[in-house]
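Listed in order, the protein sequences are those of chains H and G.
Once you know that position 28 of the first sequence is 28 in the working numbering, the rest is easy, because the numbers rise by one and skip nothing.
Once you know that position 316 of the second sequence is 1316 in the working numbering, the rest is easy, because the numbers rise by one and skip nothing.
No wet-lab data here; the hints were simulated from the structure.
This structure is a prediction, so every number in the text was calculated from the model and none was measured.
Hints may be right or wrong, so weigh each one.
In the DSBU-like style, the derived pairs of lysine-lysine whose C-alpha atoms are separated by at most 30 angstroms in a straight line are [stated by the list, open to error]:
1) 1019(G) / 1167(G)
2) 1376(G) / 1306(G)
3) 1167(G) / 104(H)
4) 1090(G) / 1451(G)
5) 1451(G) / 126(H)
6) 1090(G) / 1325(G)
7) 1458(G) / 1477(G)
8) 126(H) / 1458(G)
9) 1312(G) / 1325(G)
10) 1451(G) / 1433(G)
11) 126(H) / 1467(G)
12) 1458(G) / 1090(G)
13) 1477(G) / 1467(G)
14) 1451(G) / 1477(G)
15) 54(H) / 1325(G)
16) 1465(G) / 1433(G)
17) 102(H) / 1458(G)
18) 1306(G) / 1294(G)
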Amino acid sequence: MSFPEELKYTEDHEWVLIEDDVVTIGITDFAQEQLGDIVFVELPEVGDSLETGKSFGVVESVKAVSDVYAPVSGEVVEINEELPDDPEVLNNSPYDDGWMIKLKLADSASLDELMDVSAYQEFVEKD
Amino acid sequence: MMSTAGRGLVLDENLLFEKSQPGRVGYSIASLDVPDVTPDNSLLREEIADFPELSEVDVVRHYTRLSTWNYGVDSGFYPLGSCTMKYNPKVNEAAARFPGFTDIHPQTPEALNQGALELMYNLQHDLEEVSGFPAMTLQPAAGAQGEFTGMLMIRAWHEANGQQRHKVIIPDTAHGTNPASAALCGYEVITVASDGVLSQEAVAAVMDDDVAALMVTNPNTLGLFEADVRAICDLVHERGGLVYADGANLNALMGISRPGDIGIDVMHFNLHKTFSTPHGGGGPGSGPVGVVEKLEPFLPAPVVTKDAEGYKLEYDRPESIGRLKSFYGHFSILVRAYSYILSMGGEGLRRATELAVLNANYIRARLEGEYELPNKQRSLHEVVFSEDGLQNDCHTLDVAKRLIDYGYHPPTIYFPLVVHGALMIEPTETESKQMIDEFCDALLAIAEEAKSAPELLKQAPVRAKVKRLDEATAARKPILRWPQES
């Protein structure tokens, strides 16, 4: 399982890539492996406002349906439109082609709550 | 192992579309002896593409062959956790086929439907006695609609008290339909984590004056009794909230503990689980809802009442949440449940519960050690193992598939979500010790295979009609029409 150094992570197994005031969000390698084969993805619409900790989408696998939670607050500026048609991309490429949404940050302070790679690795091992 | 010998006559079967032969028909219909009429053009289809052309025997064999691939509780053990797949006694079917029930129309005047109304009235009374609630509706079509009905009544009660509350608390061990029912009624769902069972502290931490209700499944989806339920109900009531109980697991309480006596305000029944009416494809279901007195005015109209002149359908209920279902619910299912209650009697219902709990605990005792049991609290009617003890990268799915080779319907898997790779076994009171021992022998043999010959699990099922299905492709790229789009 791989966890790229440059990303930040949440306890709900999402990753966050921070580039100035825009963040890209997806689910981690650990999350996709736990879920198994992903068969359905539901994303928000561009322009939606997300609030930290609230569900912004759904990922469904052959085993289970899971909500995906916004790690930070902000406005959706882009979504990965390929994903709903090709949900397996989340399994095959969780960090690259499997990105889910891009958010324009409402408040950069909430980024401080996120884990770095070593903290996340420790969290996954405990889990 | 169940005998699966003699499979030489398990027949393959193509789609009806593939069997079609141009010009083949089932019947020759006599020529018209009335004037020909051409329908208006707007009502005509231009063409019916590839409509199958078949003889009667083609069609009869098609569906008969498909039916031989079926598996039901009349075929064998069906340990599907949380579903209470108990045997459906044939006496229920006999009762439901009485001409007095089958030949009536729901719009027959009350005076001519007294028998049917009496049955509904008596069933309401019996369910009230089992649950401890003073009032009941038989209308909801099944469990989830029962939840919806219950939550609508909770909302109506708050509104009648001049309150708009927005949140519903649901523990992570509740049935999966609970959050959907709450959301359909416009509530925001607050999930609370439980440590096997729900604690007062966990509820207290999220309970406030904006919480309309707590929805609790008792025993919960781990098969564990919510031991603090009375104190938790008090806590919710103190802040003006109500408590909804999902009665899907009533087969662990029936005749022993009454939800209405321990602080629950609303509960739905699943007659197709606890009261032996057909479940799954054989349904339909039925989800009566019992309520405490203060919620009685909000019950869906009509309710069955009785006065000096006889039984009546009472429609004059100004505070009612309205109608949930055409006519009076799934009436013939109500007949089956009533037949079950009368044939079991109060003692029999209690005995069914005791045996259901005993069977689940016997399975637990035989499998614990080989299969990992994450929650050590005492089990009630079902037991949930995790996949953590499985060797050689074998998973719950592999165990479930391998059970098919041994001749058993697999248990519920990957639910509840709080258990890693859950294997959720509910034997019900139906099964004998011999059957349960054979089933446990099979699961123990599979655990052994996982250690010594894991490929047997990975390739399973090998003895079934179809081998391991590609579930991911079936879900991602389903073929939903004929001819297949190119």
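Starting from the hint list further up, note which numbers the structure goes against and sort them upward. Hints 1, 2, 4, 11, 12, 14, 15, 17 not satisfied by this model.
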